[in-house]
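Undergrad: Note that the protein sequences, when read in sequence, are chains A and B.
1 is the number of the first residue of the first sequence in my numbering; add one for each residue after it.
1 is the number of the first residue of the second sequence in my numbering; add one for each residue after it.
I should point out that these hints are in silico values taken from the structure, not numbers from a laboratory.
Computed from a prediction, not measured in an experiment: that's the story for all the values here.
For every residue, glycine included, the Cβ atom is placed at its ideal position computed from N, Cα and C.
Honestly, I wouldn't trust all of these hints.
Residues from chain B shown here face chain A by an in silico Cβ test under 10 angstroms; the list is partial [said to hold, decoys possible]:
(1) Lys19
(2) Lys22
(3) Tyr33
(4) Tyr35
(5) Phe42
(6) Val88
(7) Glu102
(8) Pro107
Simulated pairs of lysine to aspartate or glutamate, EDC-like, Cα-Cα distance not exceeding 16 angstroms [as the list claims (entries may be wrong)]:
(9) Lys19/B x Glu82/B
(10) Lys41/B x Asp70/B
(11) Lys107/A x Asp26/A
(12) Lys40/B x Glu29/A
(13) Lys107/A x Asp38/B
(14) Lys67/B x Asp30/B
(15) Lys41/B x Glu10/A
(16) Lys52/B x Asp70/B
(17) Lys55/A x Glu29/A
Across the chosen pairs, the derived CB separations fall in these ranges [as the list claims (entries may be wrong)]:
(18) Lys78/A x Glu102/B: 19 to 29 angstroms
(19) Gln57/A x Ala96/B: 39 to 49 angstroms
(20) Glu82/B x Asp26/A: 39 to 49 angstroms
(21) Gln44/A x Gly16/B: 27 to 37 angstroms
(22) Leu47/A x Lys44/B: 30 to 40 angstroms
(23) Pro115/A x Met15/B: 42 to 52 angstroms
(24) Glu29/A x Thr7/B: 16 to 26 angstroms
(25) Asp81/A x Lys40/B: 28 to 38 angstroms
(26) Thr112/B x Gln69/A: 33 to 43 angstroms
(27) Glu102/B x Thr20/A: 16 to 26 angstroms
(28) Asn51/B x Glu29/A: 36 to 46 angstroms
(29) Glu102/B x Ala16/A: 38 to 48 angstroms
(30) Lys40/B x Arg63/A: 27 to 37 angstroms
Read off the chains here:
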Amino acid sequence: AQTVTQSQPEMSVQEAETVTLSCTYDTSESNYYLFWYKQPPSRQMILVIRQEAYKQQNATENRFSVNFQKAAKSFSLKISDSQLGDTAMYFCAWASGGSNYKLTFGKGTLLTVNP
Amino acid sequence: DTAVSQTPKYLVTQMGNDKSIKCEQNLGHDTMYWYKQDSKKFLKIMFSYNNKELIINETVPNRFSPKSPDKAHLNLHINSLELGDSAVYFCASSQAGAWGNEQFFGPGTRLTVL
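Same shape as in the complex, but just chain B:
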């Protein structure tokens, strides 16, 4: 049973397109996250939702819009894709207050913008 799943795992698209990445967790956690890992492997938080409410938005361009329809899902929609958006995007989840919000990660989505 996959705890945190993401679809798709790979996404190749043209500049200017709009794309979405979906994330689901079956751990019963109340907090979900999006991280971006750049070409140098550096991981940085983008967004965090707690009980479907946005609690962290780390100076991400507004072309990126997260949506949390329920506590188990957090999707990431990206408008007008740019070359610099090419990266691996990780979804993660945690239970607030549990072990410093120890986070469980999905397998990542490698986005390539041509």
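The shape of chain A in the complex, shown without the other chains:
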């Protein structure tokens, strides 16, 4: 079964600094997708960034970028110029490229951005 591991239950960072959240996963599939979702205190799940496994280029969305290491099965999220509004739970998630339609989530990392 696929598993997603986030080894950092909590992290904190000063405003304007850079922080990296780690995620590793286990799968025997070669075609899959990876996602980072953000859940602020409002509890809404918001997609931050996504990556296709067959693309070597790391995805980037404004201040958010990933370091995707397929061989190591690692998918870390880097947040640059951290803002107070980035304070949230961050979930790493894996989805099969086949017809299994579910997301498998990690346990989450609570990120606090301090002023």
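Given the coordinates of chain A, work out where chain B should sit on it, guided by the hints.
TA: Just chain B now, with coordinates in the frame of chain A:
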């Protein structure tokens, strides 16, 4: 315009009662999901429907019964509520085959069983 909506947002009820949570999406997606987020924030799939057909049922007690009257709606009915059912329930939708079935989530329903 809300893409995925759920009602109610909060639900407080007594043990043993039966309750329903409704979900609607206006994204034109063909696949809908229910996830449960427990008190430790862990998110786990419960059910998935594709074109109104059940495709995932992840060892959920049969007190939970999803119903999809059409592609835009997926409701969750829970019989004989137990204390352990207290959680946040998220509805989500996706378009099969599009971007690894990238899922769009509703705002969640916080269920509290007393």
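Undergrad: Which numbered hints does this structure break?
TA: Hints 1, 2, 10, 12, 19, 20, 22, 24, 28 and 29 not satisfied by this model.
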